[in-house]
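Asks: From just these sequences and the hints, can you work out the full model?
2 protein chains.
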Amino acid sequence: MTLHTGRHFLQIPGPTNVPDRVLRAIDMPTLDHRGAEFAVLGHDVLAAVQRVFRTKQPVIIYPSSGTGAWEAAIVNTLSPGDKVLMSETGQFAALWLGIANKFRLDVDMLPTDWRHGAPLDLIEERLKADREHKIKAVMVVHNETSTSCVTHPLEVRKILDRTKHPALLMVDTISGLASLEYEHDAWGIDVSIAGSQKGMMLPPGLGFNAVSEKALAVSKANTSTRSYWDWHDMIAINKQGTFPYTPATNLLYGLKVAVAMLEEEGLENVWARHKRHGAATRAAVKAWGLEPVCQDPQAYSPALTAVMVPQGHDADAFRKVVLDNFDMSLGTGLGKIKGKAFRIGHLGHFNDLMLMGTLAGVEMGLDLAKVPHRTGGVAAAMEVLKGRDVVAMPKAAVA
Amino acid sequence: MTLHTGRHFLQIPGPTNVPDRVLRAIDMPTLDHRGAEFAVLGHDVLAAVQRVFRTKQPVIIYPSSGTGAWEAAIVNTLSPGDKVLMSETGQFAALWLGIANKFRLDVDMLPTDWRHGAPLDLIEERLKADREHKIKAVMVVHNETSTSCVTHPLEVRKILDRTKHPALLMVDTISGLASLEYEHDAWGIDVSIAGSQKGMMLPPGLGFNAVSEKALAVSKANTSTRSYWDWHDMIAINKQGTFPYTPATNLLYGLKVAVAMLEEEGLENVWARHKRHGAATRAAVKAWGLEPVCQDPQAYSPALTAVMVPQGHDADAFRKVVLDNFDMSLGTGLGKIKGKAFRIGHLGHFNDLMLMGTLAGVEMGLDLAKVPHRTGGVAAAMEVLKGRDVVAMPKAAVA
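Chains as they are written, first to last, in the numbering used here: chain A, 1 to 399; chain B, 1001 to 1399.
Hints listed in this document are in silico derivations from the structure and should not be mistaken for laboratory results.
Mimicking SDA-like on lysine to any residue, the simulated pairs with C-alpha atoms at most 20 Å apart in a straight line are:
#1 Lys320(A) / Lys1386(B)
#2 Lys336(A) / Pro119(A)
#3 Lys1286(B) / Gly376(A)
#4 Lys1164(B) / Arg1126(B)
#5 Lys1256(B) / His4(A)
#6 Lys1256(B) / Gly1205(B)
#7 Lys1370(B) / Glu1291(B)
#8 Lys386(A) / Arg1007(B)
#9 Lys386(A) / Lys1320(B)
#10 Lys286(A) / Val384(A)
#11 Lys1386(B) / Leu323(A)
#12 Lys1370(B) / Ala380(A)
#13 Lys1370(B) / Asn1325(B)
#14 Lys386(A) / Gly1376(B)
#15 Lys386(A) / Asn1325(B)
#16 Lys220(A) / Asp233(A)
#17 Lys275(A) / His1004(B)
#18 Lys1275(B) / His4(A)
#19 Lys220(A) / Asp230(A)
#20 Lys286(A) / Gly1376(B)
#21 Lys214(A) / Arg54(A)
#22 Lys1386(B) / His373(A)
#23 Lys1386(B) / Pro372(A)
#24 Lys1386(B) / Asp324(A)
#25 Lys370(A) / Ala1379(B)
#26 Lys256(A) / His1004(B)
#27 Lys256(A) / Leu1003(B)
#28 Lys1256(B) / Thr2(A)
#29 Lys1239(B) / Arg1051(B)
#30 Lys1386(B) / Ala369(A)
#31 Lys1386(B) / Arg374(A)
#32 Lys275(A) / Leu1003(B)
#33 Lys386(A) / Asp1367(B)
#34 Lys1386(B) / Ala317(A)
Values in this document were obtained by computation on a predicted structure and should not be read as measured data.
Replies: Structure (structure tokens):
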């Protein structure tokens, strides 16, 4: 274990910093998950996650990672040979593709340069051309955590509607939910996939699927083999506030408190806070004279900022300088931008002064690691955070 | 309760931020304080605090605040009518005087302007003039938390030695211990007074007295009434690892871990870290064009920095802006500098990026509160923290 004087700055883009209130909630004796006391908790958290996804439809809570929730979305609705449309927006889209391949889906993977969101024009083109409706699902990553480029799910929904295409819309919002605006019902999402360890401010260990009526109907008709991930067993037994197999009881204690915290702040305020921190971070990046990985200002992520290092410099060597000197973990570049980019997580349980500590660590690290840059990023971020047009941090009386 | 998105910045000069490891240690079932398992803990923590005070002599651990530890030092060694020499270095010296007055000591209180340490020349003068050795104790505050001026205890010891005066040397190091260099034995301190909630990184609730052989002899001869604070009952029963009355058991769990953390870092490294953070903070204050309360560079505190606000501005209004906008608590001005100064705590469980968040909050707050200042304090502090002459944060493998 490393020596920490003061708190470690965990500024990878997830798992994120877990609030003390959530840690305390988790730190309680495990309950009998078949007992009446548990059922009260079960009903509470099932209703709570519906509010976060903005849905009246069922949300399935798995004891799983986000990877499990990806798999669940696939095995419930699709069968080997089914055609799906995906977009390789970055490393996480590529990993989801890997699962789709294991389940022998027929994937049409639209390429990108890993510096933009999904290619909406190509998606529209493919859907238009698919007169026989062979494409069973359009699968997009909302907040691509490897590039910090956002694909707006509503834009994809609009394309499906415009082209009158019946494909399911599946959205990985693992690092989007509870950080970026998200509306499962209003945006017509069929399957939303998320995890506990990002904007939800929990340790890793819970995976979520929010499912539309249409997705449920498709899954009912889908004969492909599944057991652990089966939505219908879950939904049937969830009605009693319990689960078909052992849930991650203590994480559910934390989930209840985490959603309470999100609602005390107000989901709209949570989204606004992330936008503000994204803007301040990008102001710093601009002042440093560095280049964001994401090249489309409309696609900038409020949850994290991936930054290119100048050619001839190693992003991971820089990250090591920051860790060794300032006890801060930044995200590594993934996949094809390994060594070329680093990522600043500014999502979850976070505030202005944590961001300023983070950006100061980056600025000092750039200097110590001799990465060419201009100073002034920290000062630029402070100008954004002070912005008098921005409402001061909301306060609320809580229990 | 206030809404916190991310961690509150608790930058008052104590109570300080409690490390998670310490919180976890405290969060264990309370033990039978008369049982054998407790005795192991008792022996451990009694030895541990000796190492922090740098003494082979007994250290008494009270379930008390620092105020209790002040009283303990007085009632064990002094009787009504005894003459003592104190220095009004600030609010805490004044509060200690209040206790001395309640016990009807005959106090010679040397005045200061609250912007310097104790007046060593006057102390020497008084001791020299006291040929009959009526002065029974010289009582000084090591780190005056209201002004951030340090009185070096060794300098007072040297005066006592030079003047061959037998008075006891009593040092309040409540906000000094485990932040500033301190040597109970080597500096010839007779009674050292401390508390748990500052450099010791614990919640409030433990008071300490470290006592020299001479102080023990004086206390043995002292017939003044005391019970709770009596050193001799404590020392006798501490030999078995237990206490004469119920100790603050769970805080002792935390004490064991807190001392382990100090020793993993190394006490000398702890002192160096505080010095470095003091230097970075003063670089920021200088860049802002503000004035430290402490006017003697030799007396600058490594644990906190008190800062004057320009005339016509209210330090507490500024503090409120910082709290409302950036969820950071700064220390208020106390006593005669109420409203004229604020205090930045940089002691205890703390690191470079927590300091940068803190200083960014001060700089943004000065702007939002329209307190006249120059920008650039944050940048100046980063220059100090990057200082390539400074060794990077030490790392160690710990259990």
